[in-house]
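*Asks:* One-letter residues, chain by chain:
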Amino acid sequence: MGWFLANSGHVFDLAGQHLVLAILPMVFGLLISIPLAQFARQNSTLRSVVVTATSLLYTIPSLALFIILPSILATRILDPLNVVVALTIYAVALLVRAALDAFDSVDDDLRQAAVAMGYKPAARFVQIDLPLSLPVLFAGLRVVSVSNISLVSVAALLGIGNLGMLFTSGLQRDFVTEVVVGIIAILVLAVVMDAVLVLLERLLTPWSRASTKPAGGASA
Amino acid sequence: MSNIFTDTFAWLADPQQWSGSSGIAVRLAEHLQYTALVMLIASAIAVPIGLYVGHTGRGRVAVVAVAGALRALPTLGLLTLFVLLAGIGLMPPVWALVILTVPPLLAGTYAGVSSVDRNVVDAARAMGMTELQVLFRAEVPNGLQVMSGGFRTGILQVIATVSVVAYINLGGLGRYLFDGLVLSDFPQMLGGSLLIAGLAIAVDLILALFQRLFLSPGASAKPDRSQPAAVDLTDPVTAEAVVQGGTS
Amino acid sequence: MAEAMIVFENVTKRYQGGQPAVDALSMSIDKGAITVFVGPSGCGKTTSLRMINRMVEPSSGTITVAGRNVSQEPAARLRRSMGYVMQSSGLMPHRSVLDNIATVPRLNGVPKAAARKRAAELLDVVGLAPVLGKRYPSQLSGGQQQRVGVARALAADPPVLLMDEPFSAVDPVVRDELQQELLRLQRELAKTIVFVTHDIDEATVLGDKVAVFAVGGKLAQYAAPEEILRAPANDFVASFVGRDRGFRHLAFNAADAVRLHPVKMVQSAERTVADGGPGEWALVVDADGRPLGWSSPRDGTGLVPGGSLFHRGDTLRRALDAALSSPSGLGVAVDDDGRVAGVLKAAEVLALIEETRQNREERP
Numbered sequence: 003m004g005w006f007l008a009n010s011g012h013v014f015d016l017a018g019q020h021l022v023l024a025i026l027p028m029v030f031g032l033l034i035s036i037p038l039a040q041f042a043r044q045n046s047t048l049r050s051v052v053v054t055a056t057s058l059l060y061t062i063p064s065l066a067l068f069i070i071l072p073s074i075l076a077t078r079i080l081d082p083l084n085v086v087v088a089l090t091i092y093a094v095a096l097l098v099r100a101a102l103d104a105f106d107s108v109d110d111d112l113r114q115a116a117v118a119m120g121y122k123p124a125a126r127f128v129q130i131d132l133p134l135s136l137p138v139l140f141a142g143l144r145v146v147s148v149s150n151i152s153l154v155s156v157a158a159l160l161g162i163g164n165l166g167m168l169f170t171s172g173l174q175r176d177f178v179t180e181v182v183v184g185i186i187a188i189l190v191l192a193v194v195m196d197a198v199l200v201l202l203e204r205l206l207t208p209w210s211r212a213s214t215k216p217a218g219g220a221s222a
Numbered sequence: 022m023s024n025i026f027t028d029t030f031a032w033l034a035d036p037q038q039w040s041g042s043s044g045i046a047v048r049l050a051e052h053l054q055y056t057a058l059v060m061l062i063a064s065a066i067a068v069p070i071g072l073y074v075g076h077t078g079r080g081r082v083a084v085v086a087v088a089g090a091l092r093a094l095p096t097l098g099l100l101t102l103f104v105l106l107a108g109i110g111l112m113p114p115v116w117a118l119v120i121l122t123v124p125p126l127l128a129g130t131y132a133g134v135s136s137v138d139r140n141v142v143d144a145a146r147a148m149g150m151t152e153l154q155v156l157f158r159a160e161v162p163n164g165l166q167v168m169s170g171g172f173r174t175g176i177l178q179v180i181a182t183v184s185v186v187a188y189i190n191l192g193g194l195g196r197y198l199f200d201g202l203v204l205s206d207f208p209q210m211l212g213g214s215l216l217i218a219g220l221a222i223a224v225d226l227i228l229a230l231f232q233r234l235f236l237s238p239g240a241s242a243k244p245d246r247s248q249p250a251a252v253d254l255t256d257p258v259t260a261e262a263v264v265q266g267g268t269s
Numbered sequence: 002m003a004e005a006m007i008v009f010e011n012v013t014k015r016y017q018g019g020q021p022a023v024d025a026l027s028m029s030i031d032k033g034a035i036t037v038f039v040g041p042s043g044c045g046k047t048t049s050l051r052m053i054n055r056m057v058e059p060s061s062g063t064i065t066v067a068g069r070n071v072s073q074e075p076a077a078r079l080r081r082s083m084g085y086v087m088q089s090s091g092l093m094p095h096r097s098v099l100d101n102i103a104t105v106p107r108l109n110g111v112p113k114a115a116a117r118k119r120a121a122e123l124l125d126v127v128g129l130a131p132v133l134g135k136r137y138p139s140q141l142s143g144g145q146q147q148r149v150g151v152a153r154a155l156a157a158d159p160p161v162l163l164m165d166e167p168f169s170a171v172d173p174v175v176r177d178e179l180q181q182e183l184l185r186l187q188r189e190l191a192k193t194i195v196f197v198t199h200d201i202d203e204a205t206v207l208g209d210k211v212a213v214f215a216v217g218g219k220l221a222q223y224a225a226p227e228e229i230l231r232a233p234a235n236d237f238v239a240s241f242v243g244r245d246r247g248f249r250h251l252a253f254n255a256a257d258a259v260r261l262h263p264v265k266m267v268q269s270a271e272r273t274v275a276d277g278g279p280g281e282w283a284l285v286v287d288a289d290g291r292p293l294g295w296s297s298p299r300d301g302t303g304l305v306p307g308g309s310l311f312h313r314g315d316t317l318r319r320a321l322d323a324a325l326s327s328p329s330g331l332g333v334a335v336d337d338d339g340r341v342a343g344v345l346k347a348a349e350v351l352a353l354i355e356e357t358r359q360n361r362e363e364r365p
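Protein chains in written order, with this note's numbering: chain A, 3 to 222; chain B, 22 to 269; chain C, 2 to 365.
To be clear, the hints were calculated from the coordinates, so they are not data collected in a lab. Since this is a predicted model, take the numbers as computed values, not measurements. Check each hint, because a few of them may be wrong.
Here are some, though not all, of the chain B residues that point toward chain A, as calculated from beta-carbon distances under 8 Å [said to hold, decoys possible]:
#1 Leu58
#2 Ile62
#3 Leu91
#4 Thr101
#5 Leu105
#6 Ala107
#7 Ala218
Chain C regions said to be covered by chain B (calculated; three or more residues, Cβ under 8 Å) [as the list claims (entries may be wrong)]:
#8 102-109
#9 180-187
#10 291-298
Per label pair, the in silico range of CB-to-CB distance [what the hints assert, rightly or not]:
#11 C/Gly128 / A/Leu112: 40 to 46 Å
#12 C/Glu178 / B/Leu234: 53 to 59 Å
#13 C/Pro41 / A/Arg43: 19 to 25 Å
Backbone N, C-alpha and C fix where the C-beta goes; we use that ideal spot for every residue, glycine too.
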């Protein structure tokens with residue numbers, strides 16, 4: 003505790019960097035995977051190509067990806083961009099799948115009804131498909147969030163600044179407290195991010211709360 | 022920049038790199054050994070508990086909660102903590118890996134058993150199977166597809182995490198990454214990374230093939246979409262998402 | 002009085018402090034007969050069925066099968082001694098059809114080869130082609146799966162067969178087929194069958210006796226189906242049995258006494274515009290005398306599809322329907338070879354119905 007108080011500024015700095023490295027890939031992942039999923043829905047070949055390709059990329063361990071990417075992106079090995087790109091790849095792999103499931107989960111009758119009422123495809127997608135897909139998308143986002151926050155720390159092995167630095171330096175200095183603080187800080191980040199996402203989902207999908215609460219006290 | 026690829030290729034193609042006590046062959050064998058050891062211990066813990074929870078439904082909430090909580094635990098943090106507390110050697114990192122691997126295997130086994138159509142289980146019992154027969158003749162064979170999904174996820178995760186283990190002075194393919202980092206030998210790092218990526222993909226493909234070859238064609242028939250399973254763990258990414266979240 | 006096979010004595014099932022699902026049920030089920038439990042959902046009919054093989058344990062009361070208290074038998078052994086067929090076929094997806102049928106004999110220790118041989122025989126008994134034996138359940142239609150379910154239940158030749166809404170998930174045509182098939186099988190096998198359904202029509206078609214359950218797990222009436230349709234015990238049974246019960250009850254009266262009249266017939270090959278003739282319908286038949294349809298008196302050119310056919314030995318319900326469904330108002334009766342035997346008239350069938358009713362009243 004004493005160490006944490008003495009070094010809280012440092013820890014908060016690292017936490018800030020950690021958070022940026024974890025959140026950016028979520029945003030990019032979402033921006034890429036939603037159109038990609040919508041595109042993949044066009045036909046089953048496209049769909050299986052997208053799904054297979056993303057899951058193959060997902061198989062590559064992060065540490066290896068952090069090192070392979072600089073030679074493709076022409077970045078330095080220490081560049082945080084490598085981490086952002088690697089985690090974006092993982093996020094896309096998970097979110098494309100979630101988005102496909104989410105769009106599939108939208109009742110087709112509803113879609114037909116929207117078409118029958120005169121919605122144009124783009125408006126229908128934004129006003130019908132997307133909002134109704136939010137619960138499934140958020141489930142995917144929450145997984146991405148937790149996994150990103152854990153994965154970012156691995157980048158510390160290459161010297162990229164984040165809470166994982168507490169592990170590497172703790173190991174070098176044989177200092178358990180630092181490692182424990184790092185673990186706790188990461189868990190706290192994960193829990194806070196999860197809570198934020200849950201809150202955001204609630205704000206964006208007010209109708210799903212309405213339907214989970216039955217109107218009357220009727221029992222079977 | 023242009024010669025990084027040729028250098029890496031040269032490094033990979035160099036027969037010298039493949040033989041000897043720190044050659045690729047030995048590192049690969051080490052990597053697979055650690056992976057096998059972790060999987061063995063983790064399975065011995067996770068499978069019986071998963072079968073029990075799946076069959077009886079008891080402790081379901083606890084399993085989901087524990088798997089969820091462990092998902093947020095940073096691999097690297099746990100690894101360093103174990104090494105600092107228990108010292109350098111083979112077993113401390115192995116135990117850390119076991120702790121990280123039990124949840125996906127447990128959740129996969131549990132999900133496998135509980136994914137089996139309740140009507141099939143009901144019918145098995147109605148025909149006069151004992152509880153053990155219900156488990157091993159109805160639930161396990163039909164849940165195997167989902168279970169092996171959890172297993173694949175677990176193995177991939179261990180292969181990934183074992184690369185990190187080299188950081189604390191153990192062998193495995195991860196050595197090339199850290200040795201290369203210290204020496205600023207980028208071709209060696211890239212070569213090592215490509216080997217790790219190749220290993221992960223190869224193992225996953227082999228497991229997928231096994232899954233296709235050895236599971237009963239009846240049980241591996243397209244799942245009935247009219248009755249959606251809660252999760253499709255047959256697919257590694259979804260399984261990963263549900264069970265753990267993230268390689269290391 | 003028939004010999005009792007299964008006896009419920011004051012059986013109650015209560016789920017965790019709630020209302021009883023089955024309330025003080027006492028009844029005796031005849032050996033070698035089909036007894037149908039029927040009622041709306043939540044009436045405890047399935048729970049009652051599942052207590053017989055201890056899939057559900059009663060909260061109080063006793064159930065005996067062939068004089069033995071089921072709670073004294075090891076559950077697994079008890080269940081192997083009874084066939085069980087359920088709504089979703091419950092077939093093991095990972096086993097071939099033959100191996101599915103062989104399940105219980107295998108559990109009883111019958112060698113694999115012998116069990117499969119028996120399974121192949123049963124495939125034939127339930128009317129499935131031998132090639133289907135090697136398929137997996139997912140490769141069969143719903144109706145075929147239910148047949149396999151029945152074969153599996155029969156595999157160990159159990160004296161008792163428990164059937165939980167086995168035909169309710171298949172389409173009406175297949176359901177009708179399966180019902181007739183079950184009746185045919187039962188004529189040969191004479192098992193004690195307990196059959197659960199929510200469909201009163203199915204109950205009256207299949208049951209030697211029908212037990213109508215009311216919500217709350219009470220037995221509302223237990224009688225022969227004819228009696229339930231003719232004399233419902235109370236308002237609940239009357240409303241459950243439904244609006245057409247008077248008409249459906251006709252299915253329990255033979256129409257042997259109905260009069261058959263000759264009819265003007267034309268062979269389809271010889272048909273001409275004039276056949277219908279002024280004011281008279283003509284029955285169009287094929288070369289063997291089997292009915293094809295009617296030729297209208299107004300417009301003799303078209304073939305008007307006929308109504309339902311009345312076979313020798315059919316009931317008053319069929320007779321009346323044959324007359325009412327025919328475009329000419331004349332019900333076509335055919336002999337065992339399907340050749341036209343004559344026509345019957347609705348008014349005469351109604352007269353016969355009234356006569357039957359009076360006879361019943363005069364009888365003590």
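*Asks:* Take the hints in turn and mark each one as holding or not.
*Replies:* Structure-based check of each hint:
1. Among the interface hints, the one on leucine 58 of chain B is violated; its C-beta lies about 18 Å from the nearest C-beta in chain A, farther than the 8 Å criterion.
2. Evaluation of the isoleucine 62 of chain B hint against chain A yields a violated restraint, the C-beta minimum of about 21 Å exceeding 8 Å.
3. The criterion of a C-beta within 8 Å of any C-beta in chain A is not met by leucine 91 of chain B, whose closest approach is roughly 10 Å, and the hint is violated.
4. Annotation: threonine 101 of chain B was flagged as interfacial toward chain A, and the flag holds, the nearest CB pair being 4 Å apart, inside 8 Å.
5. With a least beta-carbon distance of about 5 Å to chain A, the hint placing leucine 105 of chain B at the interface is held under the 8 Å criterion.
6. Evaluation of the alanine 107 of chain B hint against chain A yields a violated restraint, the C-beta minimum of about 11 Å exceeding 8 Å.
7. Look at alanine 218 of chain B: its Cβ gets to within about 4 Å of chain A, closer than 8 Å, so that hint holds up.
8. Proximity of the segment 102-109 of chain C to chain B, defined as three or more residues with a beta carbon under 8 Å from a beta carbon of that chain, is established by the 3 residues found.
9. For the segment 180-187 of chain C, the assignment as covered by chain B is violated, since 0 residues bring a beta-carbon within under 8 Å of that chain's beta-carbons and 3 are needed.
10. Using a Cβ-Cβ cut-off of 8 Å, 0 residues of the segment 291-298 of chain C lie near chain B, which falls short of the minimum of three, so the contact claim is violated.
11. Against the hinted window of 40 to 46 Å, the Cβ-Cβ separation of glycine 128 of chain C and leucine 112 of chain A comes to about 43 Å, which satisfies the hint.
12. Range check, glutamate 178 of chain C to leucine 234 of chain B: Cβ separation about 39 Å, and the 53 to 59 Å hint is violated.
13. A hinted range of 19 to 25 Å is violated for the C-beta pair proline 41 of chain C and arginine 43 of chain A, which are about 43 Å apart.
In the structure shown, a violation is registered for the earlier hints numbered 1, 2, 3, 6, 9, 10, 12 and 13, in ascending order.
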